[in-house]
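Visitor: What follows is the residue order along each chain.
4 protein chains.
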Amino acid sequence: MIVVMQPGAGRAEIAEVVARAEAAGLEVHEAQDDGRAVLGVIGRGAARLRDALAALPGIERVVDVAPPYPLASREFRRASTVVEVGGVAIGGPRPVLIAGPCAVESYEQLLSIAEAVKAGGAQLLRGGAFKPRTSPYAFRGLGAEGLRMLREVGDRTGLPVVTEILAPSDLDLFVQHADVLQVGARNMQNFPLLDEVGRAGKPVLLKRGLAATIEELLLAAEYVLARGNAKLILCERGIRTFETATRNTPDLAAIPVVKHLSHLPILFDPSHSAGVRRYVTPLARAAIAAGADGLLVEVHVKPEEALCDGHQALLPAEFAALARDAAALRAALP
Amino acid sequence: MIVVMQPGAGRAEIAEVVARAEAAGLEVHEAQDDGRAVLGVIGRGAARLRDALAALPGIERVVDVAPPYPLASREFRRASTVVEVGGVAIGGPRPVLIAGPCAVESYEQLLSIAEAVKAGGAQLLRGGAFKPRTSPYAFRGLGAEGLRMLREVGDRTGLPVVTEILAPSDLDLFVQHADVLQVGARNMQNFPLLDEVGRAGKPVLLKRGLAATIEELLLAAEYVLARGNAKLILCERGIRTFETATRNTPDLAAIPVVKHLSHLPILFDPSHSAGVRRYVTPLARAAIAAGADGLLVEVHVKPEEALCDGHQALLPAEFAALARDAAALRAALP
Amino acid sequence: MIVVMQPGAGRAEIAEVVARAEAAGLEVHEAQDDGRAVLGVIGRGAARLRDALAALPGIERVVDVAPPYPLASREFRRASTVVEVGGVAIGGPRPVLIAGPCAVESYEQLLSIAEAVKAGGAQLLRGGAFKPRTSPYAFRGLGAEGLRMLREVGDRTGLPVVTEILAPSDLDLFVQHADVLQVGARNMQNFPLLDEVGRAGKPVLLKRGLAATIEELLLAAEYVLARGNAKLILCERGIRTFETATRNTPDLAAIPVVKHLSHLPILFDPSHSAGVRRYVTPLARAAIAAGADGLLVEVHVKPEEALCDGHQALLPAEFAALARDAAALRAALP
Amino acid sequence: MIVVMQPGAGRAEIAEVVARAEAAGLEVHEAQDDGRAVLGVIGRGAARLRDALAALPGIERVVDVAPPYPLASREFRRASTVVEVGGVAIGGPRPVLIAGPCAVESYEQLLSIAEAVKAGGAQLLRGGAFKPRTSPYAFRGLGAEGLRMLREVGDRTGLPVVTEILAPSDLDLFVQHADVLQVGARNMQNFPLLDEVGRAGKPVLLKRGLAATIEELLLAAEYVLARGNAKLILCERGIRTFETATRNTPDLAAIPVVKHLSHLPILFDPSHSAGVRRYVTPLARAAIAAGADGLLVEVHVKPEEALCDGHQALLPAEFAALARDAAALRAALP
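Residue numbers (the numbering used here), protein chains in the order written: chain A, 591 to 924; chain B, 591 to 924; chain C, 591 to 924; chain D, 591 to 924.
The following block holds chain A by itself, in its conformation from the complex:
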């Protein structure tokens, strides 16, 4: 950790930093650079002193050297993590396709979509039973009833089920019915929820928040890993920027950046990023070419009757074409 002092900082202010660092068993190296003191604070646990040092008088800023997410880092684990779900390997050589409706609306709707996406090439089924909605007047899902439908349809079609959990108190219900617990973008920093899914032992799919940096995504991952759950899959789904032509700006750089910094697998959700059907396929193709470990795609048989986000759902035939594209693109890469 590096502490840059203000230009006018005196000996007393530097001495205070040194005293605190040494009291914590750390070593301090001092240098002068362009008229200001720069202190290298070295040793295990230096990061824990970060806030205390930053609050001292005479400090300009504190610069971290090591990543603050040790367990999620590529340094901790050189080999890429592969998460297995019902026989499907996520993070392996073949990109994984997770598809289904935004929301579970009925048993018939879910079954018809599940059969369609399976035929089209999906390996897992997605669908929301508890839906986070920006407006309190929007459809918020079928709840526990929807979870049971997911389980039944998943079993009937042989597709493992991915679904979003909103509240820590629902954990038992989800552990019983879901194969992968999804933590949505709005809950990426819902820490009680991260604690719970970290303790669950089930695979977790953690989506990047709209305004979360990649470092914060990896820190949220660290919560789950630190609770002992290593079956963790990340997902980029677009970030909020000034551009309004798409619902969110797809930060496809997050894919190679996460692969450089971390050992965890990372998927891409083109549906929430595009926000409109016509841009879903090109973005999904781009993510595969960028190295994504798979896609999380919304599909509906009758988008105009969907209770949620029909405008961004692919039709089954479009999804099947995308699955073919994904395989061809992966094969085209070295």
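Wrong hints could be hidden among the right ones.
Derived Cβ-Cβ restraints for the label pairs, each shown as a range [claimed, not checked]:
no., chain 1, residue 1, chain 2, residue 2, range
1, A, 677, B, 762, 39 to 49 Å
2, D, 634, A, 683, 35 to 45 Å
3, D, 705, C, 817, 37 to 47 Å
4, B, 622, A, 698, 37 to 47 Å
5, B, 638, A, 766, 30 to 40 Å
Residues from chain D that keep clear of chain B, each with C-beta distances beyond 12 Å, as calculated [as the list claims (entries may be wrong)]:
no., residue
6, 603
7, 668
8, 837
9, 840
Source of the hints: derived by calculation from the structure; they are not laboratory data. Quick reminder that beta carbons are idealized off the backbone N, C-alpha and C, glycines included.
Fit chains B, C and D to the supplied structure of chain A, relying on the hints for placement.
Guide: Below, chains B, C and D alone, put in the same frame as chain A:
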């Protein structure tokens, strides 16, 4: 609601929109504008059809006319809402000062800070017992023990207590010990939590999310109002932008914008926006001049020993000076 | 164009809008929606009245229906534009590779890189003679001398030359030496410069500004087209967001969005988006898969000796591998 | 300057950094921190080696210690700079008001507005003769004719004149007619223009770009200062973010941040930030309370007939009230 068709949309596509709107009891007016059809969809509940229409083929975009947050809107209630907490009016002519430490660290720490901020001019005490922290390795608060300390210190000093709730299941505990339930920026769209505090009947302080638009803040407010709780106070605390000189960019325009669009009171938190002590006072002054109903300020007696965010805490003397400034600025305005 | 009145707007305020619209030869349709008047202002040239209407009392907002860039729009020209430069078709079925150093440093440096990128698969040569630099103390290019080197090396290797123009007064010099005039991201809204390159008759490569929306990019394109120059190529190069892991966030959605809204070809610059060598290739692959018409890539034979942006330059062997990837990815798509 | 090596970097890679630094006459201190080497590169001119070092293999990142804008920095000049324009001190104890129309439309329009703002308390007159417009079809100003009107009206009313220059080749014309040369937000990084106004010797008003960091604003200032022109005034005018309720998000933190980092005066433009009349006054008040050295405000006598941005122009009476507020707020501060 206005539906703009794509330039090439044909009669069949327009007819489909009309059919669905009329089936929902709505009226449709059609006009041609610059080579494309524009449909005015008029009537109560038009907004509920929004997603279904947006998913139809041939649609370019759907434009809302009415705000999607009826209860929070200024149209619903012309007079500004005043929320009373323990005899203090929030939203009235005098700006309210809520101050205290980032986190409750001990009874002694809390008491000394509470006495200092009361002497300096604070009318309510803030302090975190359950702390949301970006890193799982950071201090996460004293929990229920911290809540009890807040209650005791609040009672002893006569300052009503504001503190952040993280999980819906903690509601009873908070209702028992806190005077105002704070929903933090990271939880602005934690809908199960909004539902719970909406049912609690206690005053709620809702902070704007880092990446939330003002419209989304008002939609989150609508959750609380729709559950029957009208004792609602909003709080701007900075948004995430590309600028890194401050922790978050203070969107002080949110203050007059919220006052134009809504009847709810709005505070400003200069501490989380600045992220560094030296900028807290100028930003706090600016917010008062922009018309904020009060401030939520972090204060610590020994910032360099704080377990959380000491670098952005004012010292008691700085807080007292800010309180004098706030009163003088308000008095200087017409 | 649609004018949404404020909820309380009276007949006099509505009448004023109607009077002004009718005076401009436009038709007005009025409807009531959720308690406010909505006026459809219809007819040729309605957009020109936009600002005047927005300034009237009682107006909530004005919503455009038609795109404000008629010549750049897909409606104006259904077929995609192909720009030919020295026998190379940009916007055709094959993605085009434009490569070379950030800055021309010497004849030898430029020649060795030009030969390397030609061997690797580049069809055009890029290189800066006049460099826009954030700091006044950085290397700003060889100027006119650099332009002459580009011309000589371009002629010797048979690669047409793309280079950035900074000042309108340099136009003659650039027309003489360059094959494509590049307008950089910082100059996307340098309107005197757009006017000049619009009159030049030479192909223009217009890069999206760091904070420009896609609509503003197309409006900047409209400047060039409105001056009579239809040989226009767009280029996405990343936008500024809160994420700092890359130099800019690659908005790859801009590729399908521009293809939907406009007939102009669009390239991608992975070098300025990534800002670091290790992310250039995955982003470039992603852009090709998203449908980009080509790439603009920085390549250097000795990046560590580059006077400009060596950290983001590919080595010749990396570029050749990328060229193979681009061809394979395009072939894999339907 | 601090060089953080990648975790796996070997001796050869470290030796290469050391060799290059020492060849440039710099000293290198090495330390190990959390498993990676950290090199302090110390000495005059270290920053010039930045890019070359960043391009070497084995480097994670390079961290600057000193600000890259020496002449603009507060370290270079402890006392705040005061720029005098026609007897008006900008940067002194009294906030300065610069007001006038967006664009000069006619002699009569300009004169009536100039007289109104003078009566209301303005000390300088603003008005655009060459207007940068997003659309090529919008009114682009009266050009040289407008400049002459500004000069005449300025002389007649005794108000020094501030107006925007767009092209370096127009410098002589502007030096002849204007008292302050404004460089607009879109041209903040138009380096040929910065060079020219840096050589002009006339006071320069430099506006922050929509997507420019405060550091980049100070680097643009450095261009002007490095050309020998110290009569430089900065201006915050809002940045581009995801929020659309205002035209741009006012980053009022820029005011105390610039005052901390630099000796240059800083104004605020509430008109372009708000983008709508009703929010101009609260934002302007906030800027004064945050410590701004003055305001740049658009005023029009008949906003609904303005050829440019009438919707954000104050009426003369509103401006006069704002001038009273500004004086009262400044007086209320210590």
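Visitor: It remains to establish, for every hint, whether it holds in the given structure.
Guide: Going through the hints against the structure:
no.: 1; hint: 677(A) to 762(B): 39 to 49 Å; in the structure: holds, 43 Å
no.: 2; hint: 634(D) to 683(A): 35 to 45 Å; in the structure: violated, 52 Å
no.: 3; hint: 705(D) to 817(C): 37 to 47 Å; in the structure: holds, 39 Å
no.: 4; hint: 622(B) to 698(A): 37 to 47 Å; in the structure: holds, 40 Å
no.: 5; hint: 638(B) to 766(A): 30 to 40 Å; in the structure: holds, 33 Å
no.: 6; hint: 603; in the structure: holds, 29 Å
no.: 7; hint: 668; in the structure: holds, 16 Å
no.: 8; hint: 837; in the structure: violated, 9 Å
no.: 9; hint: 840; in the structure: violated, 6 Å
In summary, the numbered hints that this structure violates are 2, 8, 9.
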